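2 protein chains.
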Amino acid sequence: MLKSILGISPPRVEVNKEDDFDTWYEQVVVKGEMIDHCCLPGYFILKPVAYGMWEKVRSWLADHLQPLELQSFSVPILPYLGDRAQAPYAVSGSSSFPNAESVIYPYCRKWIKSHRDLPLQMNQWCIRFQHEQNPQPLLRNCEYLLQEVRSAHITKDSARQEAAQILELYSLLYRDLLAIPVVKGYKNAAYLQDTDISTGVVIAYIPATNQCIEGAKCHEFGQTLSKAYEITVRDPSATAEPAALLHVWQNCWRISIRALGVMVATHSDNHGLVLPPRIAETQVAIVTAQASSTDEQLILDTETDRLVSRLSSAGIRVKVDDLEGYSLGWRFNEWIVSGTPLFIVLGPNEVTNQVVTIRRRDLLHAEGKVEAAIPELHTIIPTTLANIQEELYRNALAKFQADQTRIADNWDDFIKSLYRDKLVCLAPHCRQRSCELYIEGMGSDGTDQALGSHIRCLCVPLEQPGATEECTTPCINPTCKYSALKWAMFGYAY
Amino acid sequence: MLKSILGISPPRVEVNKEDDFDTWYEQVVVKGEMIDHCCLPGYFILKPVAYGMWEKVRSWLADHLQPLELQSFSVPILPYLGDRAQAPYAVSGSSSFPNAESVIYPYCRKWIKSHRDLPLQMNQWCIRFQHEQNPQPLLRNCEYLLQEVRSAHITKDSARQEAAQILELYSLLYRDLLAIPVVKGYKNAAYLQDTDISTGVVIAYIPATNQCIEGAKCHEFGQTLSKAYEITVRDPSATAEPAALLHVWQNCWRISIRALGVMVATHSDNHGLVLPPRIAETQVAIVTAQASSTDEQLILDTETDRLVSRLSSAGIRVKVDDLEGYSLGWRFNEWIVSGTPLFIVLGPNEVTNQVVTIRRRDLLHAEGKVEAAIPELHTIIPTTLANIQEELYRNALAKFQADQTRIADNWDDFIKSLYRDKLVCLAPHCRQRSCELYIEGMGSDGTDQALGSHIRCLCVPLEQPGATEECTTPCINPTCKYSALKWAMFGYAY
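Chains X and L, in that order, are what the protein sequence lines are.
Numbering-wise (my numbering), the first sequence opens with residue 51 and increments by one.
Numbering-wise (my numbering), the second sequence opens with residue 51 and increments by one.
Everything labelled a hint here was simulated from the structure, so no lab data went into it.
It should be emphasised that the depicted structure is a prediction, and the values quoted were computed from it without experimental measurement.
Heads up, some of the hints might be wrong.
For identical chains, the list gives no copy identity; a pair is met inside one copy or between any two copies.
[Unchecked claim] As a list, the in silico DMTMM-like pairs of lysine to aspartate or glutamate whose alpha-carbon atoms are at most 20 Å apart: (1) K206 with E280; (2) K106 with D285; (3) K160 with D113; (4) K163 with D372; (5) K472 with E68; (6) K160 with E76; (7) K81 with D351.
Could you put the whole structure together from the sequences, leaning on the hints where they help?
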């Protein structure tokens, strides 16, 4: 047995999600072969499993963004690595590094020669750097991959429309590809003074830690940047000559590989990764059992080839595991840890009876095993994969909405739900920055310091729980003298 | 007229290729909208035209590499930016930066657990940095995009086979996509002492400067790296236990955006970019002329839409130029400078007569204009595009092979062809490093210092001009006492 020769024991996740989320998460992404640590803390190698998923995100977005006719650029990164990226090397005088904005917007000015060039939507698939005190693979990388679009519009309406469309798209990506429910909304009062500026976000939820996390965002800068960088066009509707100069309206929208980290944190369990079928590189593994004779092996190989070709024709990503020298249990374990949605054992018995057992990764025990006739697999498997995708989403949604979210309309309920029950709360809010700070600072106000410091006003959801557009009750905060304007979402922020 | 309002004059290349290649090249890539300069010298923004081409290179390679089942990784770049990348910021103590090898190969060791993991072919689409004294967009970027594969094999044969296959593939990419002929070969004597190590290259030729340039390469490291990093597997064919450890055989192959620079330098002319149709984002531009009435405009729009839909169905990338306020000549000029292979004027007359004039970018004058019936365009245009692709390749090949290459079998011919006629020479060569250095140093030996310093032994071509495998004449160098082993290629190196 090669197993004993090599002395390799099967990879197992050794910590429970509910006991020690950080260690569990770390083990799941490493043992599931998504990432490996690099030579500096906070830097991670994306292995083929994770890189393949990022490519799926990329091609999903490319397909869905096609109608926008984005223009793709590649801007060098060295000129704006930024001082934080240099931190590991303790470079001095680095505060004079230019940032991404100061590199890109002067070009934006140059490239926008007339209103005909608008909307300009500059797309980049690139790398960014940030300083992370407590790095965590995918979720908090010091160096990470992202899609970033910087756009310029002739009117505020056009910019707003784009932002709404993009929030919808990012939210669809989370739901459709990653089986994760998100809440679309706008960041609250921080920018309220200058009404041109706002930030749309999609907020996801990690049930194991009761934490909410920003999954993607769209900054609406209004005319702030175009005024700073003098990005203007002549008014095309002007009748006088020369036509007046208009400052353009700018957005910046981005989604990063953090999306994959959110997916892992949401669906995976104490046995390892659980991957939604749409994002999984291998959707079905066929684990072949040992044949006892050459003839039997020949029949088994023929059946395997036929099954692979029929599944592939049905659009299924299938892989054969005919690894010798390892027990079936050892090999199952590898498929379990790596999160493959379905696996099938195919051996001489199965070929004779023309029946196999399909095992679902998301339901490991008896309820996840289904007997199925081999000739029907090419129709049963696509349906099962679709069910898995759907059920992962439904479970995540149920946890977020029903179990973990409260609509609170009085202060006691609000505080109790937030601090004691650790729920996400929707509460009527005045949208004043000072009031937001008061609530976020409640922890230091005597309730629970450690937890309180992570409570945040996450967003003002686009879909309000009330029937009317404007909220009519007073602000949730009893010390606040204003009326509520909207329902705002509060909770533990990642 | 908007033109006069905006005061924009059409972009024109103001320098001739034959007069001042560097300035011409710079203007062609900037005015053809491929690149823009960034805030640091040597750093360039790839604009949509160039980035789109790089994506075509990427997808061509992805298609052709599919049978190899490469594994795609993303390795952080900050840990090995390297000291040269830091040069613009004059960072001190930077010589202690790790390099790409010292980051990646320890992982290679970790990931290769058994012979089953071989061949391991780690693919990356990534960024690299290099110091460039005389930066030139695409050809000599300080920061550039590339594909890089690091592979490990169990036998020397397997590694050699891969290298040969990859050289063939890169050479096909140049021919098929970029319409550029290349010579496949191996770097000569520098590594001859250690026969495990060699470097395969594809050499392209830039006619305007009589310079050869490395278009892509494949390093064969033999077991050098596996010995340095202790990358071993157990011998799968061993009968004794424990099986002996074998050091793996490693290659590294790469192609960069330089390929696009070589393409520009080869095909473009004094009017701007000339793009091979397969790499061009827009293959056909339909330039619509002004209609004199609303009715006429309606008819024209209908005809345009019909033509676009028929060309698109035929797989042609087509764009309509209905820019108002600019003269036809001004608009033609933009399509010429940007290198679009074909453009068509479509106006009320053309619609009435159902005949248009197709203008070829590669043949700007009378010979490039063809009258064609509109209903036949969807068959004529694909053929014309294929012809352009083919002719660009044939012209480049003719220049390289017939006009610019000499087979020299005596010293006088060799020196005269190299130094006076500035040709590429194939000459019988002993493959000794000292002899190669003697020839490369001829410039400093009295002949022509300035030119001589750029003469290099470019490669030993895989296809030898002689009928026999081994060359039988003495070495070309009369001061050399050895027999020739192969025909080697000498010329001005970029």
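Cα distance capped at 20 Å. Does K81 pair with D351 within a copy, between copies, both, or neither? Cα proximity of K81 and D351: none, with 30 Å in one copy and 59 Å across.
Between the shortest in-copy and the shortest cross-copy C-alpha distance, which are at most 20 Å for K472 and E68: within, between, both, or neither? within (15 Å within a copy, 74 Å between copies)
Could you place K106 and D285 in one of the four classes (within, between, both, neither) given a Cα distance threshold of 20 Å? neither (41 Å within a copy, 37 Å between copies)
Have a look at K160 and E76 and pick one of within, between, both or neither, based on CA distance no larger than 20 Å. between (45 Å within a copy, 18 Å between copies)
What label fits K160 with D113 when the C-alpha limit is 20 Å: within, between, both, or neither? neither (29 Å within a copy, 36 Å between copies)
Up to 20 Å between alpha-carbons, please classify K163 paired with D372: within, between, both or neither. Answer is between: at 17 Å across copies they meet the 20 Å cutoff, but 61 Å inside does not.
State whether the alpha carbon distance between K206 and E280 is at most 20 Å within one copy, between copies, both, or neither. within (17 Å within a copy, 61 Å between copies)
In summary, the structure is inconsistent with hints 2, 3, 7 from the numbered list given earlier, while agreeing with the others.
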